[in-house]
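Novice: One letter stands for each residue in the lines below.
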Amino acid sequence: MLYVVQTALELGFMYALVALALFLSYRILDIADLTTDGTFVLGAAVSVTVTTAGHPVLAIFAALAAGACAGFVTAFLQTRLGVPSILAGIVTNTGLYTVNLMAMGWSSNASLLRQDTLFSLLKDTGIGGDWYEILLAGGITLLICVLLVAFLKTRIGLSIRATGDNKEMVRASSVNPALMITIGLCMANAMTALSGAVVAQYQKSADINSGTGIVVIGLACLIIGETLTGRKSVARGVVAAVIGSIIYRFIYAIILTTKIVPIDCLKLVVAVIVGLAIAMPTLKEGAAFQRRKMAASRKGGR
Amino acid sequence: MLRLENIKKTFNPGTVNEKCAVNGLSLHLKPGDFATIVGSNGAGKSTLLGAVAGSFYVDEGSIILDGKDITFMPEHRRSKVIGRLFQDPLKGTAPHMTIEENLALAYLRSSEGKAPFSRISRKDKEFFREQLSLLGMGLEDRMKQPVGLLSGGQRQALTLLMATMVPPQLLMLDEHTAALDPGTAEKVLELTQDIVERNHTTCLMVTHNMHQALTMGNRTLMMDDGRIVLDIQGEERKNMTVAGLLEKFRAGAGKDLDNDRILLSAEKEM
Numbered sequence: 001m002l003y004v005v006q007t008a009l010e011l012g013f014m015y016a017l018v019a020l021a022l023f024l025s026y027r028i029l030d031i032a033d034l035t036t037d038g039t040f041v042l043g044a045a046v047s048v049t050v051t052t053a054g055h056p057v058l059a060i061f062a063a064l065a066a067g068a069c070a071g072f073v074t075a076f077l078q079t080r081l082g083v084p085s086i087l088a089g090i091v092t093n094t095g096l097y098t099v100n101l102m103a104m105g106w107s108s109n110a111s112l113l114r115q116d117t118l119f120s121l122l123k124d125t126g127i128g129g130d131w132y133e134i135l136l137a138g139g140i141t142l143l144i145c146v147l148l149v150a151f152l153k154t155r156i157g158l159s160i161r162a163t164g165d166n167k168e169m170v171r172a173s174s175v176n177p178a179l180m181i182t183i184g185l186c187m188a189n190a191m192t193a194l195s196g197a198v199v200a201q202y203q204k205s206a207d208i209n210s211g212t213g214i215v216v217i218g219l220a221c222l223i224i225g226e227t228l229t230g231r232k233s234v235a236r237g238v239v240a241a242v243i244g245s246i247i248y249r250f251i252y253a254i255i256l257t258t259k260i261v262p263i264d265c266l267k268l269v270v271a272v273i274v275g276l277a278i279a280m281p282t283l284k285e286g287a288a289f290q291r292r293k294m295a296a297s298r299k300g301g302r
Numbered sequence: 001m002l003r004l005e006n007i008k009k010t011f012n013p014g015t016v017n018e019k020c021a022v023n024g025l026s027l028h029l030k031p032g033d034f035a036t037i038v039g040s041n042g043a044g045k046s047t048l049l050g051a052v053a054g055s056f057y058v059d060e061g062s063i064i065l066d067g068k069d070i071t072f073m074p075e076h077r078r079s080k081v082i083g084r085l086f087q088d089p090l091k092g093t094a095p096h097m098t099i100e101e102n103l104a105l106a107y108l109r110s111s112e113g114k115a116p117f118s119r120i121s122r123k124d125k126e127f128f129r130e131q132l133s134l135l136g137m138g139l140e141d142r143m144k145q146p147v148g149l150l151s152g153g154q155r156q157a158l159t160l161l162m163a164t165m166v167p168p169q170l171l172m173l174d175e176h177t178a179a180l181d182p183g184t185a186e187k188v189l190e191l192t193q194d195i196v197e198r199n200h201t202t203c204l205m206v207t208h209n210m211h212q213a214l215t216m217g218n219r220t221l222m223m224d225d226g227r228i229v230l231d232i233q234g235e236e237r238k239n240m241t242v243a244g245l246l247e248k249f250r251a252g253a254g255k256d257l258d259n260d261r262i263l264l265s266a267e268k269e270m
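For the record, the sequence lines run as chains R and V.
Just so we're aligned, residue 1 is where the first sequence starts under the numbering used here, counting upward by one.
Just so we're aligned, residue 1 is where the second sequence starts under the numbering used here, counting upward by one.
Worth double-checking, as some hints may not be accurate.
[Stated by the list, open to error] Residues from chain V that face chain R, not an exhaustive set, calculated with beta carbons under 7 Å:
#  : residue
1  : Glu75
2  : Gln87
3  : Lys91
4  : Gly92
5  : Glu101
6  : Ala104
7  : Leu105
8  : Ala106
9  : Arg109
10 : Pro116
11 : Phe117
12 : Ser118
13 : Arg119
Hints were generated in silico from the structure; no laboratory data involved.
The model shown is predicted, which means the values in this text are computed figures rather than measured ones.
Backbone N, C-alpha and C define an ideal beta-carbon position, used for all residues, glycine too.
Please take these sequences and the hints and turn them into a complete structure.
Specialist: If you want it as structure tokens, here you go:
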């Protein structure tokens, strides 16, 4: 039981970085960034390859840089070349498949056998005892949270937030929205790649398909978290991403151990939940309208 | 200050919706000029402001601001020195950000070369509070609230403050009080006049109110069919009446003014 809890917390913290990335791209910039799936694998692939070469710490930074590059390509497509934002993400994502294979040495998966990882390095120091994995995963995620909240209060951060809120006003305030979208997407994809990089070192492997559907799972985490924290401020959104991600991993663990839902169906369940959650405002409006219509027809007899 | 040389802009060229919105227009504003613009529906008033602001590039002609050719300068660079207000009060502010954050964003204009990673300082906040109190709307006590909670008039006043807090070289107002209720419109107009006078800002204001067109500022322009058909100032303007202005328009454009809103507001004045 304790093992299940530990694993859920560890995975929750690591995948929370994807939810944080989506918070930045989807909530703040109002762009559905479909590069996410490919970027996650890119982070994992780069991380495993560089770790294999004997540099587990450098691997993290390499993955961050690779993720930022992927974000830049998507941003370039949509801000400079006029590709619609969703399509830009899909195009980059498709291209990334090949890049990811390349990064893993033209193989669909890569493993770390005896190499040192961030996790094994920390374990060797003895810090954290049995909880060293949570310590590392949580530490990285919380550090990113603090940096993200602080960043969004700076001049650039404010400009990025305003770009997602009212693009016209941003242009009239001497801020270049194309540049802000580029910075935002680079950061979001760097975070997604970081998630992939840490997960890969944790699981000691990278797989070309490990990113499939991660954008929807990340959104699910964010939405689950937001039902608890609300969407009033940036800090709440960041907390929502982390809490939501942990809750999601607990639900996942419960399903995995109790088998209430066959594990093969999990993605369908997640897709339905996310679809419903995003559709909720419209559904509520529609229901209210129907109630009004019925009330009116009862009264007026029309 | 502002010199427009023979500018021309056609929207949707080569289609059935082709529309020559500004057609060979020239205009010269002296520093401190405050010109009001009236004109018939589709005369090209908003297009003129859009061309100067850089919402699109003109097809022909050149735009020179303060001796600098800005014809091909992108909009976000022009907005460093050009402040702009729209008719829609929702256009000028970011609804999910607080009043303070919106002001900080507008204040970026002054922060050329300041570190992009710096945050809003206490000194900045004090300055914002002071500026907000000048509006006399009590907004200085609501700085942490999101702008989406403000009324249209309050948002427009805030936008006005944001556009002028760092005094721009040119301020452009596109019927910025038309969507407000009469009382609020009056108040925002008063604030506009105060601020423009205080900073001696060169200003272009589109209005549909003939009375405002004659009383505000020092110069009245009338537009029709993408051109300026009437440009009066000084004595001639001082002695002009709303009826006289309509008569002049008929003489200049060769037809009656067909802006329904203008006519409605003109009837009230006569």
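Novice: All hints are to be evaluated individually against the structure, with a verdict given for each.
Specialist: Cross-check of the supplied hints:
{"no.": "1", "hint": "Glu75", "in the structure": "holds (5 Å)"}
{"no.": "2", "hint": "Gln87", "in the structure": "violated (13 Å)"}
{"no.": "3", "hint": "Lys91", "in the structure": "holds (6 Å)"}
{"no.": "4", "hint": "Gly92", "in the structure": "holds (6 Å)"}
{"no.": "5", "hint": "Glu101", "in the structure": "holds (6 Å)"}
{"no.": "6", "hint": "Ala104", "in the structure": "holds (6 Å)"}
{"no.": "7", "hint": "Leu105", "in the structure": "holds (5 Å)"}
{"no.": "8", "hint": "Ala106", "in the structure": "holds (5 Å)"}
{"no.": "9", "hint": "Arg109", "in the structure": "holds (5 Å)"}
{"no.": "10", "hint": "Pro116", "in the structure": "holds (5 Å)"}
{"no.": "11", "hint": "Phe117", "in the structure": "holds (5 Å)"}
{"no.": "12", "hint": "Ser118", "in the structure": "holds (6 Å)"}
{"no.": "13", "hint": "Arg119", "in the structure": "holds (5 Å)"}
Of the numbered hints stated above, the single one contradicted by the structure is hint 2.
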